[in-house]
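Asks: Listed here are the chains, written in short residue letters.
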Amino acid sequence: MKISNPLVRGFYTGLLAGIIGGVPLPIFRIIEAMIELYGAVPHLVTYDFLIFHLGYAVGLHGLLGAIWGVIYSILYDGIPGKGIKKGFVYGCIVFFISDIYIASTNLSLGLLTWIEEYFIWTSQWAVGGAQLWIIYGIVLGALYKRWSL
Amino acid sequence: MKRAIVAGPIAGFVSGVVDLIFSISGLFGMFSVFPAFFPVDTQTLAINFITVGVIWGSIWGILYALFYEHIPAKGIKKGIVYGLIIWLIAPLNNWTTSAAFGYYLWAIPYAVTSFFSICITYGILIGYLYKK
Numbered sequence: 001m002k003i004s005n006p007l008v009r010g011f012y013t014g015l016l017a018g019i020i021g022g023v024p025l026p027i028f029r030i031i032e033a034m035i036e037l038y039g040a041v042p043h044l045v046t047y048d049f050l051i052f053h054l055g056y057a058v059g060l061h062g063l064l065g066a067i068w069g070v071i072y073s074i075l076y077d078g079i080p081g082k083g084i085k086k087g088f089v090y091g092c093i094v095f096f097i098s099d100i101y102i103a104s105t106n107l108s109l110g111l112l113t114w115i116e117e118y119f120i121w122t123s124q125w126a127v128g129g130a131q132l133w134i135i136y137g138i139v140l141g142a143l144y145k146r147w148s149l
Numbered sequence: 001m002k003r004a005i006v007a008g009p010i011a012g013f014v015s016g017v018v019d020l021i022f023s024i025s026g027l028f029g030m031f032s033v034f035p036a037f038f039p040v041d042t043q044t045l046a047i048n049f050i051t052v053g054v055i056w057g058s059i060w061g062i063l064y065a066l067f068y069e070h071i072p073a074k075g076i077k078k079g080i081v082y083g084l085i086i087w088l089i090a091p092l093n094n095w096t097t098s099a100a101f102g103y104y105l106w107a108i109p110y111a112v113t114s115f116f117s118i119c120i121t122y123g124i125l126i127g128y129l130y131k132k
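As given, the protein sequences belong to chains A and B, one line each in that order.
In terms of my numbering, the first sequence opens at residue 1 and continues consecutively.
In terms of my numbering, the second sequence opens at residue 1 and continues consecutively.
Please note: incorrect hints may appear among the correct ones.
[As the list claims (entries may be wrong)] Where chain A lies over chain B, by a calculated footprint (3+ residues, C-beta under 8 Å): (1) 40 to 54; (2) 66 to 75; (3) 85 to 92; (4) 95 to 103.
Don't read these hints as lab results, they were simulated from the structure.
Note that the structure is predicted; figures quoted are calculated from it, not measured.
A virtual CB, placed ideally from N, CA and C, is assigned to each residue, including glycine.
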């Protein structure tokens, strides 16, 4: 498949990359619960939760992925690397600006109030998004180049 | 790059102040939001918003300088476009996830307040303060 308009290409490749990145998310939740990672929620990891989580992960990350795919196409020439490497770098940037930003706001509130939930959310955001957005970036980088004319 | 290192924290500081004003004033009623799920006093909120604003304002400022040539438009408009990009990446994940898990009453005002503080305030200031 070839798409000439870079914004449209960014949208579709981002959508697909977001969905692919979102699919393994429930598996990561199970692994986190099994290794008793700080911030994991083993009591919530039920069949219903995982089904809901899969729907949330695929739906929401498909949407976010599509929006961020358009941004990828705008900033494309400024991102270091080529092909998959470029996508990987972009995935790391997105993870840093998005999930680490949210984790840091929770960490800041946690350090100021010493309420444990903020530290739990810090851990969830810092760990939870890493695998997702790195997979997203790699798939985006590969597809975006493949679908260009 | 030096100008970005100066411009970023200034824009981030003002952005943090705007966040604080929105959060504690009840401005526009529906936009009012306490950014925490637990009650936090105003002083703590102020320290939190301003610290986070200055730190992330600096980081976004450096990224602005790095991607400057690739962001569409010129001057303040370029800053607003960049502010929109940051708003679409940084807080979007948080409030959409919160909404998906049922915290609509927190997510919607957070989206609106962060739009004003990041996209509008930070974007205008970084566009005004940093030019190549």
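Asks: If any of the earlier hints don't hold here, list their numbers in rising order.
Replies: Violated hints: none at all, because every hint is consistent with the structure.
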